[in-house]
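If you read the protein sequences in the order shown, they are chains A and B. Sequential numbering of the first sequence, starting at 1, is according to my numbering. Sequential numbering of the second sequence, starting at 1, is according to my numbering.
Think of the hints as simulated: they come from the structure by calculation, not from any bench. Glycine residues also receive a C-beta, built at the ideal position from the N, C-alpha and C atoms. Just to be clear, a hint being listed does not mean it is correct.
What the hints assert, rightly or not - Ranges of calculated distance between the beta carbons of each label pair, as one might list FRET restraints: (1) GLN58(A) / PRO88(B): 30 to 36 angstroms; (2) ALA71(B) / GLU142(A): 52 to 58 angstroms; (3) TYR93(B) / VAL17(A): 47 to 53 angstroms.
Unchecked claim - Derived SDA-like pairs (lysine to any residue); straight-line CA-CA distance at most 20 angstroms: (4) LYS26(B) / PRO128(A); (5) LYS30(B) / ASP19(B); (6) LYS119(A) / MET177(A); (7) LYS26(B) / THR175(A); (8) LYS180(A) / ASP23(B); (9) LYS26(B) / ARG130(A); (10) LYS30(B) / THR155(A); (11) LYS30(B) / PHE164(A); (12) LYS30(B) / ARG25(A); (13) LYS26(B) / GLU142(A); (14) LYS26(B) / ALA44(A); (15) LYS146(A) / LYS26(B); (16) LYS119(A) / ALA80(B); (17) LYS146(A) / LEU161(A); (18) LYS30(B) / ALA59(A); (19) LYS30(B) / LEU121(A); (20) LYS180(A) / ARG117(A); (21) LYS180(A) / ARG130(A); (22) LYS30(B) / HIS60(A); (23) LYS160(A) / PRO128(A); (24) LYS172(A) / LEU121(A); (25) LYS30(B) / ILE116(A); (26) LYS172(A) / ILE87(B); (27) LYS160(A) / ILE179(A); (28) LYS160(A) / ARG24(B); (29) LYS30(B) / TRP54(A); (30) LYS172(A) / ARG31(B); (31) LYS26(B) / ILE116(A).
Said to hold, decoys possible - Now the stretches of chain A that chain B is said to cover, found in silico as 3 or more residues with beta-carbon under 8 angstroms: (32) 26-35; (33) 114-121; (34) 124-132; (35) 136-149.
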Amino acid sequence: MRDEESDVLLRFRQGDVDAFETLFRLHQRSVFGWALRLVRDPSAAEDVTVEAFWRMHQAHARFDPDRGFEPWARRIATHAALDWLRRQKPESPVPPAMLETTAASATGDAAVSEEIRRKTLMAFTRLPARLRATALLAVVEERPHKEVAEALGITVPAVKLRVFRALRLLRKDLTEMGIKP
Amino acid sequence: MKSREQGFGNREQKTEIRDQDADRIKQLLKRAIPRMGDDAELDRDLWPAMLQRIDHENVRRGARIPWFDWALAGGLVAFAAIVPRTIPVILYYL
């Protein structure tokens with residue numbers, strides 16, 4: 001089984017399309033799940049997944065089979081998602097998909113008013129993409145800092161610093177909008 | 001000595017307030033954006049979309065004119081502009 005896996009990875013590295021298809025079918029769900037955590041929209045996450053695999057297909061010669069496919073795929077998917085987040089205009093309204101999922105869960109939490117929730121989302125969408133991505137993974141999704149650091153290709157202290165900056169900017173923006181956190 | 005202790009005390013207090021602030025913003029953010037978790041399901045197989053993407057990029061790449069073709073064309077135009085007598089010869093060989 002192990003030999004079969006490493007054979008697929010080696011063939012993928014050499015540019016074999018069948019090996020790429022095998023890896024695609026094996027990892028598309030996990031890459032989609034990871035992308036969805038970042039872009040929060042299933043349709044966009046599908047686009048990001050295809051884009052990420054396209055980049056992997058392009059970079060097959062740089063793939064190191066000893067380091068495993070999953071972390072490599074996750075890192076590429078994170079960067080594809082970051083590019084997608086960067087293309088979203090900061091002034092653009094909160095993505096409808098994000099509002100829908102939020103509204104569904106907010107019904108049980110009466111303490112947070114609709115107004116505060118909307119303003120928090122607005123302030124969040126105005127953050128720089130790299131801070132948004134880090135805050136989504138580390139704070140919202142509560143992923144371990146080490147995992148976030150690997151996905152973003154940065155160090156754990158850099159993750160902590162980005163979270164700190166994101167929270168500070170959010171606090172400033174919310175205060176300007178009349179919400180004292 | 002006393003003022004230094006007071007300074008440390010103030011700094012600790014400020015750090016504590018900052019930590020509390022950060023925790024409150026984290027809570028606010030978690031309430032505003034729910035966790036996706038691990039149960040995100042992919043509704044369809046994306047392989048056909050992937051194949052389409054590969055085909056599209058291959059066609060695009062095939063249609064792209066290489067840079068040296070542009071350089072050659074530019075060189076010929078420049079040469080024709082400098083020595084206009086060669087225009088009929090160039091046209092003959094085209």
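Quick rundown of the hints versus the structure:
Our hint of 30 to 36 angstroms for GLN58(A) and PRO88(B) is violated, since their Cβ atoms are close to 46 angstroms apart. ALA71(B) and GLU142(A) have their C-beta atoms about 54 angstroms apart, which keeps the hinted 52 to 58 angstroms range intact. Separation of TYR93(B) from VAL17(A) is about 41 angstroms and departs from the stated range, judged on CB atoms against 47 to 53 angstroms. Restraint check for LYS26(B) and PRO128(A): the C-alpha separation of about 17 angstroms stays at or below 20 angstroms, so the hint holds.
With a CA separation close to 16 angstroms, the supplied pair LYS30(B) and ASP19(B) stays within the 20 angstroms bound. A hinted pair counts as satisfied when its Cα atoms are at most 20 angstroms apart, and LYS119(A) with MET177(A) qualifies at roughly 8 angstroms. Annotation: proposed proximity of LYS26(B) to THR175(A) holds, straight-line Cα distance about 15 angstroms (limit 20 angstroms). A C-alpha spacing of about 13 angstroms is found between LYS180(A) and ASP23(B), which places the hinted pair at or below 20 angstroms, so the restraint holds.
A distance of roughly 17 angstroms separates the Cα atoms of LYS26(B) and ARG130(A); the hinted pair therefore holds under the 20 angstroms criterion. A distance of roughly 24 angstroms separates the Cα atoms of LYS30(B) and THR155(A); the hinted pair therefore is violated under the 20 angstroms criterion. Our distance criterion of 20 angstroms between C-alpha atoms is met by LYS30(B) and PHE164(A), whose separation comes to about 15 angstroms. A hinted pair counts as satisfied when its Cα atoms are at most 20 angstroms apart, and LYS30(B) with ARG25(A) does not qualify at roughly 32 angstroms.
Between LYS26(B) and GLU142(A) the alpha-carbon distance is near 11 angstroms, which keeps this suggested pair within the 20 angstroms criterion. Using a Cα cut-off of 20 angstroms, the hinted pair LYS26(B) and ALA44(A) is violated, with the two alpha carbons roughly 25 angstroms apart. The straight-line distance between the Cα atoms of LYS146(A) and LYS26(B) is roughly 19 angstroms, inside the 20 angstroms bound, and the hint therefore holds. Our distance criterion of 20 angstroms between C-alpha atoms is broken by LYS119(A) and ALA80(B), whose separation comes to about 64 angstroms.
Distance hint between LYS146(A) and LEU161(A) is fulfilled; the C-alpha atoms sit about 13 angstroms from each other, no more than 20 angstroms. Proposed proximity of LYS30(B) and ALA59(A) is contradicted: the alpha carbons are some 36 angstroms apart, above 20 angstroms. Taken as a hint, the LYS30(B) and LEU121(A) pair is honoured in the structure, with Cα atoms around 10 angstroms apart against an allowance of 20 angstroms. A distance of roughly 13 angstroms separates the Cα atoms of LYS180(A) and ARG117(A); the hinted pair therefore holds under the 20 angstroms criterion.
Taking the CA atoms of LYS180(A) and ARG130(A), the gap is about 25 angstroms. The hint is violated against a cut of 20 angstroms. A C-alpha spacing of about 37 angstroms is found between LYS30(B) and HIS60(A), which places the hinted pair above 20 angstroms, so the restraint is violated. Simply put, LYS160(A) and PRO128(A) have alpha-carbon atoms about 16 angstroms apart, close enough for the 20 angstroms limit, and the pair holds. Annotation: proposed proximity of LYS172(A) to LEU121(A) holds, straight-line Cα distance about 14 angstroms (limit 20 angstroms).
In summary, the hint linking LYS30(B) to ILE116(A) is supported, as the alpha carbons are separated by about 12 angstroms, within the 20 angstroms threshold. Restraint check: the Cα-Cα separation between LYS172(A) and ILE87(B) comes to about 68 angstroms, which exceeds 20 angstroms; the hinted pair is violated. The hinted pair formed by LYS160(A) and ILE179(A) fails the criterion: a straight-line CA distance of about 25 angstroms is larger than 20 angstroms. In summary, the hint linking LYS160(A) to ARG24(B) is supported, as the alpha carbons are separated by about 17 angstroms, within the 20 angstroms threshold.
At roughly 32 angstroms between alpha-carbon atoms, LYS30(B) and TRP54(A) are farther apart than 20 angstroms, so this suggested pair is violated. Proposed proximity of LYS172(A) and ARG31(B) is supported: the alpha carbons are some 18 angstroms apart, at most 20 angstroms. In summary, the hint linking LYS26(B) to ILE116(A) is supported, as the alpha carbons are separated by about 13 angstroms, within the 20 angstroms threshold. Coverage of the segment 26-35 of chain A by chain B holds [criterion: at least 3 residues with CB-CB distance below 8 angstroms; count 4].
For a cut-off of 8 angstroms, the count of residues in the segment 114-121 of chain A with a CB near a CB of chain B stands at 4, and the three-residue condition holds. Figure legend: the segment 124-132 of chain A, annotated as covered by chain B; annotation inconsistent (1 residues with Cβ-Cβ distances under 8 angstroms, at least 3 required). For the segment 136-149 of chain A, the stated coverage by chain B is satisfied: 5 residues place a CB nearer than 8 angstroms to a CB of that chain, which reaches the threshold of 3.
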